[in-house]
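Q: Given next are the chains, with one letter for each unit.
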Amino acid sequence: MRHLLSIEQLSKAEIEAILDRAESFAEVGRRDIKKVPTLRGRTVVTLFYEASTRTSSSFELAAKRLSADLVSVKAAGSSVDKGESLKDTVATLSAYDPAAIVLRHPYAGAAQLVAGWADAAVINAGDGKHEHPSQALLDVYTLRRRLGSLEGKRIWIVGDVLHSRVARSNLIAFKAMGAELTVCGPPALIPRGLDQLGCNVTHSLGDAGEADVVYVLRLQHERMRESFVPSLREYAAHFQIDSRRLGPRQLLMHPGPVNRGVELSGEVIDSPQSLIAEQVAAGLVVRMAILYELLAAGDEEPTPLPGNGRATPIGQPA
Amino acid sequence: MSATKLAMRAGESANLLLRGASVLDPAAGIDARHDIVVRDGKIAELAAPDSAEAGELEVVDAEGLHAFPAFFDPHVHLRTPGQEHKEDIETGARSAAAGGYCGVLAMANTEPPVSEPADVEALLADARVTAAVKVGFLATVTRSMRGEELTEMASLREAGAAGFSDDGLPVRSAGLLRRALQYQRLCGGTIALHEEDPELSGAGVMHEGPVSAVLGLDGVPSISESTMIARDAAIAGYEGGRIHVQHLSAAESVEAVRAAKAAGVQITCEASPHHLCLTDEEVRSLDPHRFKMNPPLRSEADRQALIEGLRDGTIDCIATDHAPHAPEEKEVPYEQAAMGVTGLETAFAALHTHLVLPGTIELGLLVDRLGVAAGFFEVERPSLAPGSEANIALCDLTAQWTVGEDGYESRSSNSWCDGEELTGRILMTLAGGQVAYRLRSFSMGVAA
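Taken in sequence, the protein lines are chains Z and S. Taking the working numbering, the leading residue of the first sequence gets 1, the next gets one more, and so forth. Taking the working numbering, the leading residue of the second sequence gets 1001, the next gets one more, and so forth.
Chain Z with its partners taken away, still in its complex shape:
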């Protein structure tokens, strides 16, 4: 695997290889010294054209834990503000000979374009409403730890699917892992033709009790102005997951940041069913695993890792 541009590019075996690697990094995280020398002397650039807390901080920390040199560029306050094109910005940063570029961009396909321009491995940290593969990998990782396997598990994805790159990547990843998918939200927020991805589509939470996992998406406030839904109150009345709608054996996930009182009620966020904090923790180790797989897995002398040895390199069948 040269780049991580989409979940679509990964087979089930490749996904599992990354998750196995992440497990071993989770052990490193329990040590006093949480750093390994794997990427010493190599440079990781994070280039974020959109606001981000979880994704940017976890990629940055992941690079540091692997001993890489880190350059973090945010579009605001950079030459991007002065009208520099993505192509020129990438050419500029490429002059530092980075091993990897982690890109968050408001438009679909940006990471794929950068992969064509740069020598570095490119990691898509979110491109428009298209894909967010590292989020999907950390979500599968989180669920795999809880459930063992996703095979046959019923997962409901609830909310604004239309505007959600997380929904797209997770649909593909959960399906690849054998889960049964249902998508639920207001009709205007479910893209036309989505059912052809092989998921059920419903506009009511009536049957949500069947779900093993309820994955709730963020509802952005500006959607009201575009009449996708008439009001936050009306949205919450029909689609908010609260303690009445979440059974004791159901697991709750959310990619963050949460609009408390809109898509989730306060009490379920802090309930024992909630995996939200585990998702954030998983973000770090999964992103370490992604960097490792892209930058170090092909090394002839792999850095010895704790745990059960070397994982299967991805890009090859396990």
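Please keep in mind that the hints were generated in silico from the structure rather than gathered at the bench. Keep in mind that the hints are not guaranteed to be accurate.
The calculated lysine to aspartate or glutamate pairs, modelled on EDC-like cross-linking and capped at a C-alpha distance of 20 Å, are [said to hold, decoys possible]: (1) 82(Z) x 1328(S); (2) 82(Z) x 1329(S); (3) 87(Z) x 1287(S); (4) 153(Z) x 16(Z); (5) 64(Z) x 27(Z); (6) 87(Z) x 1328(S); (7) 82(Z) x 1331(S); (8) 87(Z) x 1331(S); (9) 87(Z) x 1329(S).
Okay, the calculated bits of chain S under chain Z, using three or more residues with CB under 8 Å as the criterion [as the list claims (entries may be wrong)]: (10) 1204–1216; (11) 1326–1332.
Predicted model only: the values in this text are computed from it and were never measured. Glycine residues also receive a C-beta, built at the ideal position from the N, C-alpha and C atoms.
With chain Z held as given, fit chain S onto it using these hints.
A: Quick look at chain S alone, frame taken from chain Z:
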């Protein structure tokens, strides 16, 4: 009533003998091998093969080659004035000649738009100096394409405007379109319509369907186009006006035009080669160079409906919507990229490869649909009948070539078939009685 004016640069009239060509001109009822004798820029004679006297004529060995009436494109963007970094009249006309076209009509959505009679006169004057093929210019329907008030349509026609179009944008106001169609009774000039409801299109960048759902791109629903066609056809029918619907893309649109024709509306329409050959599946590549345009590539069912419309005559003609863009406008993520692809140099070869060779449509139908649009804008249709002005596309139907391999005549390279191998190549084009183009590797013999 005023007439459409076309202009091209003055040059030497052709004197040629195309020896033994397979001559195909369905509109003139010609389908046989002939020696084509071109004298003083006119088709002097279609003689029996290998029978014509060469005399002083330059002889072209056309054995095994096809001669068609050169094509006429009612919808191109020559980007002049204001965007000459993408194309100008000279490069655009050269691109047309390389594709076998003898004439094109340029759209008015330039910078500034062509809204004043003096603009039309200046463009025609430019074409008289630079253009290798005949070029006509449409003027905008509304001043500066703002959609608020009509242009001086009668004066524009007197200046030679080939018709009217706000192409790139729909005429949003039904009332204003009605006024334009009323005024058309005074000044003539077909009104060519880019049909799209801006409310339904929203921020859409591709066809709305399963592919847009997966890619997370905003979709343009098919009904954005078809509802506007139905609206405008009703207005044209009510006013007895003449409209030409541009670049049909959706099955619903074909149905709307079919219904309008059945109701007796004076309506013609066009489809573009890329809509006839490609579907929204291509957008999975997220490559805006080749696959981003407006209207967008639609589903396979839509493509089939367009082909069916072409076959049954609902779709009258093929127009390229040749839309050159500079690299920096396309080397950006799909959503940010400019809409439009070039098509003049590849239209015939692409349609021959994608539709004629697999047996989907007849060669004669393709040739007919590439020439017929001239008449919709009061231009004489190119013909191979003896006595006609020499407008000839000479083609090797078996030649295989890779698009873009030798560069483009157009200033821009955003061809929707860039890198594709096509079968069928224009070797030589005569336009307005002059040799407008010869493929570099196509040598001319002088042997008798």
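Q: All hints are to be evaluated individually against the structure, with a verdict given for each.
A: Hint by hint, here is what the structure shows:
1. 82(Z) x 1328(S): Holds, at roughly 16 Å.
2. 82(Z) x 1329(S): Given pair residue 82(Z), residue 1329(S) holds - Cα atoms ~17 Å apart, limit 20 Å.
3. 87(Z) x 1287(S): Roughly 15 Å between the alpha carbons, so the hint for residue 87(Z) and residue 1287(S) holds.
4. 153(Z) x 16(Z): holds, 17 Å
5. 64(Z) x 27(Z): Measuring from Cα to Cα gives roughly 16 Å; hence the hint holds.
6. 87(Z) x 1328(S): holds, 9 Å
7. 82(Z) x 1331(S): holds, 18 Å
8. 87(Z) x 1331(S): holds, 8 Å
9. 87(Z) x 1329(S): holds, 12 Å
10. 1204–1216: Answer holds; 9 residues pass the 8 Å Cβ test.
11. 1326–1332: Our answer is that it holds, as 3 residues pass the Cβ test (under 8 Å) against chain Z, meeting three.
Of the hints listed earlier, there is not a single one the structure fails to meet.
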